[in-house]
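Participant: Full structure from sequences and hints, please.
Top line first, the protein sequences correspond to chains A and B. Quick note, my numbering runs 83 ahead of the 1-based positions in the first sequence. Quick note, my numbering runs 83 ahead of the 1-based positions in the second sequence.
These are calculated hints, taken from the structure and not from any lab test. Among these hints, one or two may not hold up.
Identical copies carry no separate label here, and so any pair may be met within one copy or between two of them.
[To be verified] Think about it this way: if two alpha-carbon atoms lie no more than 25 Å apart in a straight line, the pair counts; the simulated DMTMM-like pairs of lysine to aspartate or glutamate are: (1) LYS206 <-> GLU173; (2) LYS223 <-> GLU173; (3) LYS167 <-> GLU121; (4) LYS206 <-> GLU175; (5) LYS206 <-> GLU220; (6) LYS157 <-> ASP197; (7) LYS206 <-> GLU117; (8) LYS206 <-> GLU135; (9) LYS93 <-> GLU188; (10) LYS206 <-> GLU108; (11) LYS225 <-> GLU138; (12) LYS97 <-> ASP192; (13) LYS206 <-> ASP185; (14) LYS157 <-> ASP185; (15) LYS97 <-> ASP177; (16) LYS206 <-> ASP177; (17) LYS97 <-> ASP166; (18) LYS223 <-> GLU121; (19) LYS206 <-> GLU121.
Note that this is a predicted model, so its numbers are computed, not measured.
Protein chains: 2
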Amino acid sequence: MANQHAVPVKGYQKNLQSWFDYMMEGHDRTQLWEMLHEDVVFRSPVVHTPQEGREITFAYLSAAGNTLGNGTFKYTRIFDCGDKAVLEFETEMDGIHVNGIDMVEWDADGKIIDFKVMVRPLKAIQTVHAAMGKMLEQMKAKA
Amino acid sequence: MANQHAVPVKGYQKNLQSWFDYMMEGHDRTQLWEMLHEDVVFRSPVVHTPQEGREITFAYLSAAGNTLGNGTFKYTRIFDCGDKAVLEFETEMDGIHVNGIDMVEWDADGKIIDFKVMVRPLKAIQTVHAAMGKMLEQMKAKA
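Facilitator: Spelled out as structure tokens, the structure:
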């Protein structure tokens, strides 16, 4: 498969544009924290159980930013529905091609209330699984 | 997690409505065949390599209909962009909760030109992997 091209990440509605600005311009953690609702839920590609609340969601998303947000990361298709959006991406992790989506929902005040990630193919989810395991160990070691 | 509720599958634009009618009303294989572009590409949740062409895409989608389209299957969120859509679903396979998406693109004539599936969590993709293996064996046995 020829990989899909990156799509522009400018000119979107405010909520989505804030996310793109965070992802594509320096991963400012304060900005990430401000985007998250107190009761936001994070749903990982690996585990069924939802991760509830701002602190754990912040931990997952900022760690994912470090892991996935390397030089190869790009968004390839955008499904923007205003109060919710699906953002398809492609990236490489440890030489494995990762194709995935961020599914984001915002409340009326523009805070992210639900954030779900899916990836394909099987090798990619296995790679993400291994990376998340390491990440959680590091988080525990620091705590 | 409380599972998400099914969303209505009526009242959508023509292309998407045709898909819902196929999925929710009897899986008419002639209808499926008619919806697919000659050069449609199917991208599975398990394998990186795209499956190219109407025959193989038809085989995957009709088999997936048999496997996933059991009594527990429901669509839970719709991201409708006219010429493309993301359809989130939930179902159970062999007692495993499967949360996934159909990502569909149509050409200007309303034919499906690209169909991608992702599922989560890891257990679900493993279950789909096993089911697809069995399905492909059956397809080969019949061929």
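Participant: For each hint, tell me whether it holds in the structure or not.
Facilitator: Hint-by-hint comparison with the structure:
no. : hint              : verdict
1   : LYS206 <-> GLU173 : both (14 Å within a copy, 22 Å between copies)
2   : LYS223 <-> GLU173 : neither (29 Å within a copy, 32 Å between copies)
3   : LYS167 <-> GLU121 : within (18 Å within a copy, 32 Å between copies)
4   : LYS206 <-> GLU175 : both (11 Å within a copy, 22 Å between copies)
5   : LYS206 <-> GLU220 : both (22 Å within a copy, 21 Å between copies)
6   : LYS157 <-> ASP197 : both (21 Å within a copy, 20 Å between copies)
7   : LYS206 <-> GLU117 : neither (33 Å within a copy, 33 Å between copies)
8   : LYS206 <-> GLU135 : between (27 Å within a copy, 21 Å between copies)
9   : LYS93 <-> GLU188  : both (19 Å within a copy, 23 Å between copies)
10  : LYS206 <-> GLU108 : neither (28 Å within a copy, 34 Å between copies)
11  : LYS225 <-> GLU138 : within (15 Å within a copy, 53 Å between copies)
12  : LYS97 <-> ASP192  : within (11 Å within a copy, 33 Å between copies)
13  : LYS206 <-> ASP185 : both (18 Å within a copy, 19 Å between copies)
14  : LYS157 <-> ASP185 : both (12 Å within a copy, 21 Å between copies)
15  : LYS97 <-> ASP177  : neither (34 Å within a copy, 42 Å between copies)
16  : LYS206 <-> ASP177 : both (11 Å within a copy, 22 Å between copies)
17  : LYS97 <-> ASP166  : both (10 Å within a copy, 23 Å between copies)
18  : LYS223 <-> GLU121 : within (22 Å within a copy, 52 Å between copies)
19  : LYS206 <-> GLU121 : neither (33 Å within a copy, 29 Å between copies)
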